[in-house]
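In numbering that gives the first Met the number 0, the protein residues as written are 0 to 204.
Everything labelled a hint here was simulated from the structure, so no lab data went into it.
Every residue gets a Cβ at the ideal spot worked out from N, C-alpha and C, and that includes glycine.
One should not assume that every hint holds.
Heads up, simulated DSSO-like pairs for lysine-lysine below, C-alpha to C-alpha not over 30 angstroms straight-line [what the hints assert, rightly or not]:
1) Lys177 x Lys155
2) Lys197 x Lys181
3) Lys180 x Lys34
4) Lys16 x Lys177
5) Lys180 x Lys155
6) Lys16 x Lys124
7) Lys204 x Lys181
8) Lys96 x Lys177
9) Lys197 x Lys154
10) Lys196 x Lys154
11) Lys96 x Lys43
12) Lys68 x Lys43
13) Lys81 x Lys155
14) Lys130 x Lys96
15) Lys81 x Lys68
16) Lys124 x Lys181
17) Lys43 x Lys204
18) Lys204 x Lys45
19) Lys45 x Lys68
20) Lys196 x Lys96
21) Lys130 x Lys70
22) Lys70 x Lys155
23) Lys130 x Lys180
24) Lys155 x Lys16
25) Lys130 x Lys45
26) Lys130 x Lys16
Label-pair distances were calculated between CB atoms; the ranges are [unchecked claim]:
27) Asn13 x Ser146: 25 to 35 angstroms
28) Lys68 x Phe35: 26 to 36 angstroms
29) Leu19 x Asn48: 18 to 28 angstroms
30) Lys68 x Ile144: 35 to 45 angstroms
31) Gln140 x Asn161: 14 to 24 angstroms
32) Lys155 x Glu12: 41 to 51 angstroms
33) Lys85 x Asp141: 17 to 27 angstroms
34) Lys204 x Pro52: 33 to 43 angstroms
35) Asp150 x Lys16: 22 to 32 angstroms
36) Lys130 x Lys85: 44 to 54 angstroms
37) Ile144 x Glu12: 42 to 52 angstroms
38) Glu92 x Asn48: 17 to 27 angstroms
39) Tyr8 x Asp150: 25 to 35 angstroms
40) Asn123 x Tyr8: 39 to 49 angstroms
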Amino acid sequence: MLLWTIQNYTAYENMLKSGLLTANEDYLFCEDDFKFAYNWMTAKMKEHNIIPPQGINYPVWGWYQWEGKRKRRDMRESGHAKRGDKIIQLTIEVPDKEVMLSDFDLFHYVLNYWYLPIDEQDDNKFEDEYKSLGFTWHDLQDFNIQSQEMDFLRKKITSSWNRIFELEYEDDGWLYGKNDKKSIQATFWELQLEQVKKAEIFIAK
């Protein structure tokens, strides 16, 4: 499978020495709150029988397509890394069986601990459900609240996240959008140097 991944240049230098690139936990999380989302993705990969090599706890992130296009990211855009950082975009080839694909935009529901509805009707139904139990939207992210009712709601939330893997599902733009516009991310446990087809250096803007 042809993919692209953007990495800090130091990580690439280390890869040239060791022949292997894996996720560095010291730099993986933007915020501590996001660790739950990364743990969830890790568990999902294992459920799909994409098993990590010994000693690897988190996957490497890459791109399968961006805004419907099977092509490398435009490095003239900002947001890839901290402004001024030296980064590298790698064009890579990873065996299909080692990759899990998911909807990049919908992964934000996991990052923010939001319920991912099927459609607008399902969204309204879930809102009615937590309100009828006496909770607000903000309560759902308050883990100091512990009860059987909240456990029930949280299970519904985490189960809804499985929809990020249903890449063929689309709508007219209410939430899922059209398949030819989707940005699809890829996760895999490691990248071997011989899997790199092209390396391009950039300074983040």
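These are the hints, each one checked on the structure:
no.: 1; hint: Lys177 x Lys155; result: 25 angstroms, holds
no.: 2; hint: Lys197 x Lys181; result: 24 angstroms, holds
no.: 3; hint: Lys180 x Lys34; result: 28 angstroms, holds
no.: 4; hint: Lys16 x Lys177; result: 42 angstroms, violated
no.: 5; hint: Lys180 x Lys155; result: 28 angstroms, holds
no.: 6; hint: Lys16 x Lys124; result: 54 angstroms, violated
no.: 7; hint: Lys204 x Lys181; result: 24 angstroms, holds
no.: 8; hint: Lys96 x Lys177; result: 26 angstroms, holds
no.: 9; hint: Lys197 x Lys154; result: 42 angstroms, violated
no.: 10; hint: Lys196 x Lys154; result: 42 angstroms, violated
no.: 11; hint: Lys96 x Lys43; result: 14 angstroms, holds
no.: 12; hint: Lys68 x Lys43; result: 25 angstroms, holds
no.: 13; hint: Lys81 x Lys155; result: 36 angstroms, violated
no.: 14; hint: Lys130 x Lys96; result: 42 angstroms, violated
no.: 15; hint: Lys81 x Lys68; result: 25 angstroms, holds
no.: 16; hint: Lys124 x Lys181; result: 26 angstroms, holds
no.: 17; hint: Lys43 x Lys204; result: 33 angstroms, violated
no.: 18; hint: Lys204 x Lys45; result: 35 angstroms, violated
no.: 19; hint: Lys45 x Lys68; result: 28 angstroms, holds
no.: 20; hint: Lys196 x Lys96; result: 19 angstroms, holds
no.: 21; hint: Lys130 x Lys70; result: 44 angstroms, violated
no.: 22; hint: Lys70 x Lys155; result: 35 angstroms, violated
no.: 23; hint: Lys130 x Lys180; result: 34 angstroms, violated
no.: 24; hint: Lys155 x Lys16; result: 45 angstroms, violated
no.: 25; hint: Lys130 x Lys45; result: 34 angstroms, violated
no.: 26; hint: Lys130 x Lys16; result: 55 angstroms, violated
no.: 27; hint: Asn13 x Ser146: 25 to 35 angstroms; result: 46 angstroms, violated
no.: 28; hint: Lys68 x Phe35: 26 to 36 angstroms; result: 31 angstroms, holds
no.: 29; hint: Leu19 x Asn48: 18 to 28 angstroms; result: 22 angstroms, holds
no.: 30; hint: Lys68 x Ile144: 35 to 45 angstroms; result: 43 angstroms, holds
no.: 31; hint: Gln140 x Asn161: 14 to 24 angstroms; result: 19 angstroms, holds
no.: 32; hint: Lys155 x Glu12: 41 to 51 angstroms; result: 45 angstroms, holds
no.: 33; hint: Lys85 x Asp141: 17 to 27 angstroms; result: 40 angstroms, violated
no.: 34; hint: Lys204 x Pro52: 33 to 43 angstroms; result: 35 angstroms, holds
no.: 35; hint: Asp150 x Lys16: 22 to 32 angstroms; result: 47 angstroms, violated
no.: 36; hint: Lys130 x Lys85: 44 to 54 angstroms; result: 49 angstroms, holds
no.: 37; hint: Ile144 x Glu12: 42 to 52 angstroms; result: 46 angstroms, holds
no.: 38; hint: Glu92 x Asn48: 17 to 27 angstroms; result: 21 angstroms, holds
no.: 39; hint: Tyr8 x Asp150: 25 to 35 angstroms; result: 45 angstroms, violated
no.: 40; hint: Asn123 x Tyr8: 39 to 49 angstroms; result: 47 angstroms, holds
In terms of the numbered hints stated before, the structure departs from hints 4, 6, 9, 10, 13, 14, 17, 18, 21, 22, 23, 24, 25, 26, 27, 33, 35 and 39, listed from lowest to highest.
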